[in-house]
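Participant: As given, the protein sequences belong to chains A and B, one line each in that order. Here the first sequence is numbered in this note's numbering, starting from 1 and rising by one per residue. Here the second sequence is numbered in this note's numbering, starting from 251 and rising by one per residue.
Worth flagging that the hints you see were computed from the coordinates, not collected in a lab. For every residue, glycine included, the Cβ atom is placed at its ideal position computed from N, Cα and C. Hints are supplied without guarantee of correctness; some may be wrong.
What the hints assert, rightly or not - Some residues of chain A that are not near chain B, with every Cβ distance over 12 Å (derived):
hint, residue
1, E15
2, E56
3, E76
To be verified - Mimicking DSS-like on lysine-lysine, the simulated pairs with C-alpha atoms at most 27 Å apart in a straight line are:
hint, chain 1, residue 1, chain 2, residue 2
4, A, K153, B, K535
5, B, K651, A, K141
6, B, K593, A, K52
As the list claims (entries may be wrong) - Residues from chain B that keep clear of chain A, each with C-beta distances beyond 10 Å, as calculated:
hint, residue
7, R285
8, L337
9, L383
10, D575
11, I586
12, D608
13, R644
14, A645
15, L657
16, G663
17, E664
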Amino acid sequence: MSLLEVKDLKVRVEEREILHGLSLTVNPGEVHAIMGPNGSGKSTLSHVIAGKPGYEVTGGQILFRGEDLLEMEPNERAANGVFLAFQYPVEIPGVTTWNFLHAALNAQRKARGEDEISSPAFLKKVREVAKSLNIPQDMLKRGVNVGFSGGEKKRNEILQMALFEPAVCILDEMDSGLDIDALRIAADGVNALRSPERAMVVITHYQRLLNYIVPDFVHVMSKGRVVKSGGKELALELEESGYAQFEDAA
Amino acid sequence: MNVVAKTETGRALGDAFASARDRLPGKGKIADQRRQAFEAYERSGLPHRRIEDWKYTDLRALMREVLPLAPAPDAAALGRAAAAAKLRAIDGVRRLVLVDGAFAPDLSDLGSLEKGLGIRPLREVLDAGDGALSAQAFATDISDPMIALNGAMATDGVVIEIADGAVLAQPLHIVHVASGTAPASMFTRSLLRLGRDTNVTLVESYLAGEGTKAYQAHDALIVAIGDNARFDHVRLVEDSIDAFNISSATISLGAHAHLNTFGLTSGGHVSRYQLTVTCAGEGSKVETNGVNLINGTQHADTTLFMDHAVPHCASREIFRAVVDDRAHSVFQGRIIVRPDAQKTDAKMMTRALLLSDDAEADNKPELEIFADDVTCGHGATTGALDESLLFYMRARGLPEKEAQALLIQAFVGEAIESIASDALREVAIATAQRWLEARA
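So that you can see chain A by itself, here it is in the shape it has in the complex:
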């Protein structure tokens, strides 16, 4: 059984259809890159997978381990192993990163029928992960993402990814707003999480990110559909020729 199956997905936002029958199959261990021009529906796909309100699914389905993902609340999707790294992580003043991560991890464990993690065990775990991502301890005591730089926010997303150990990670424009050093740190963090059980869907506008996170498959999206799929060499091809050819094809 595939880990994540998107079948002929049609999605509307308000009165406008954004996805017009998108299909994508992701198996454990695979890294898929989704590329495409602005407005092709890449972020919409990530939002619908995570369960963001405001999107109306008018056709098709999304199966996660064979179960209907669209029937689950966003928090249930997270507990089941779906993780979205946000393009623009929000700031939550007054809620410390520390407190937030502990509450979220325990909520996920509780939902799966596992015991809650104790504060000392949690402390140890977060410290290890934070260290590997070069995240200073005092950042964890601050409000979630409050006063963080763009790079710090993205690293905080990867910290959470490492902590929650999801089965499928959707990385939405992880490279936006990052300089080359920040990008490398973030990509190293992601690569460290690659495993035969875990799948990743990397959404990006530019080929650059794929030099660091090398995909197994590349899909080109245009106007709400996947118009071409191939191996990692497709990304390089796109870098040469641009997206214009596909806009005509769609």
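Given chain A, put chain B in place with the hints provided.
Facilitator: Frame of chain A; chain B shown alone:
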């Protein structure tokens, strides 16, 4: 129709005052003051929306009548009160319990008083004919009808004197418990006199005994803070969900004195807290903070009057309201800077969070400035929880109510953080937590 009902209600209360007179301590001058206060109340009756200060809290519509005075608590009532007080006990405090309008010595910690601390029931002070203390306890403005009514009807309370230089290591905890079996009203009045260079912390809790539902708690607190003294005050209203709590605090500060007062209202059907703070000595500092956490059909009103009468004083107000269902929160904050009060630094910020479409929050900040060299400001906002934050938190696995709870805690956090004592801050957080858990 209304007029007839009002007259009948008024007559019933007049009879109650007349018949209760022998239960109301204080003779001579105090008895005269009570009569004057009752006449002042009678002239207006229960306040209604056409009285500007009461326009959001129309007691004529909400309360309709003042219930008869609660009988003195019997053994069963005292037992229920003891259980309620125990449930909300705070470690390391000196507990003073008022049950159904009467001081309950057996439930109170009166042993081994610290040096410089004197505690007596108000009734005893009045019966003993202590003129100066009695006069101070009843020296409240009778222009407000409900404060006037309290002055007429108060049956008991505590009178606490702190001698110059005394620093109380142990906070005082006044527990107001309603414990009767029949709907009734209780009127209490307490006085704290802080001498020069004193440092005192007071906690007040409003509770109901098991099975006690509809009642009216009317309390008046009078505090005089001496020069260079510090007073910390934490007030927690956890009354029964059918109860009325119509209370006031009148606090004056001497020179270089410091007041830090915090109020949290999560209980009661209808509550109104009128807080009047007067900076009467130069160089004093005031922090007044508050939180309303209400739902269902609760109505909670905090009305603050901050009076800067002298120069070089600073005041800060932070107020937060979280309103769910069809509840109604009111914050009225008036800052007056009198002509002599140059170099006043006064700021007030009030924010309301509406959790439902039917929730209502009225914020009325007012500045009246008669001095020209001052720094004053106020702000008020009302809004809902940020959907993008909620989605982010849910995408990390938090169920909606838990995500809301974290955001609500953060929202009220700034006001709660103002509590100076770590232990009492934890008590306030635990009280807020109970409200959040009850709605989860």
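Participant: Determine for every hint whether it applies to the structure shown.
Facilitator: Verification of the hints:
With a least beta-carbon separation of about 20 Å from chain B, A:E15 lies farther than 12 Å from that chain, consistent with its non-interface assignment. Once the 12 Å rule is applied to beta carbons, A:E56 is consistent with being away from chain B; the minimum gap is 16 Å. Separation of A:E76 from chain B is inadequate, the least Cβ-Cβ distance of about 9 Å not exceeding the 12 Å criterion. For the given pair, A:K153 sits about 40 Å from B:K535 by alpha-carbon distance, which is inconsistent with the 27 Å threshold.
Restraint check: the Cα-Cα separation between B:K651 and A:K141 comes to about 23 Å, which is no more than 27 Å; the hinted pair holds. Proximity of B:K593 to A:K52 is assessed by CA-CA distance (about 51 Å); at most 27 Å being required, the pair is judged violated. Even its closest Cβ contact with chain A, about 51 Å, leaves B:R285 beyond 10 Å, as expected for a residue assigned away from the interface. Non-interface call for B:L337 relative to chain A: holds, since the shortest CB-CB distance, roughly 26 Å, exceeds 10 Å.
Non-interface status of B:L383 relative to chain A is upheld: no Cβ of that chain comes within 10 Å, the nearest being about 44 Å off. Remark: the non-interface label on B:D575 is consistent with the geometry, its nearest Cβ contact in chain A lying 22 Å away (cut-off 10 Å). With 10 Å as the threshold on Cβ separation, the claim that B:I586 sits away from chain A holds: the shortest Cβ distance comes to roughly 32 Å. The Cβ of B:D608 lies farther than 10 Å from every Cβ of chain A, with a closest approach of about 21 Å, so its non-interface assignment holds.
The Cβ of B:R644 sits about 4 Å from the closest Cβ of chain A, inside the 10 Å cut-off, so the non-interface label is violated. With a least beta-carbon separation of about 5 Å from chain A, B:A645 fails to lie farther than 10 Å from that chain, contradicting its non-interface assignment. With a least beta-carbon separation of about 7 Å from chain A, B:L657 fails to lie farther than 10 Å from that chain, contradicting its non-interface assignment. Listed as outside the interface, B:G663 is inconsistent with that label: its C-beta sits roughly 5 Å from the nearest C-beta of chain A, within the 10 Å cut-off.
Listed as a non-interface residue, B:E664 fails to keep its Cβ farther than 10 Å from every Cβ of chain A; the least gap is roughly 7 Å.
Taken one by one, the earlier hints fail for this structure at numbers 3, 4, 6, 13, 14, 15, 16 and 17, listed in ascending order.
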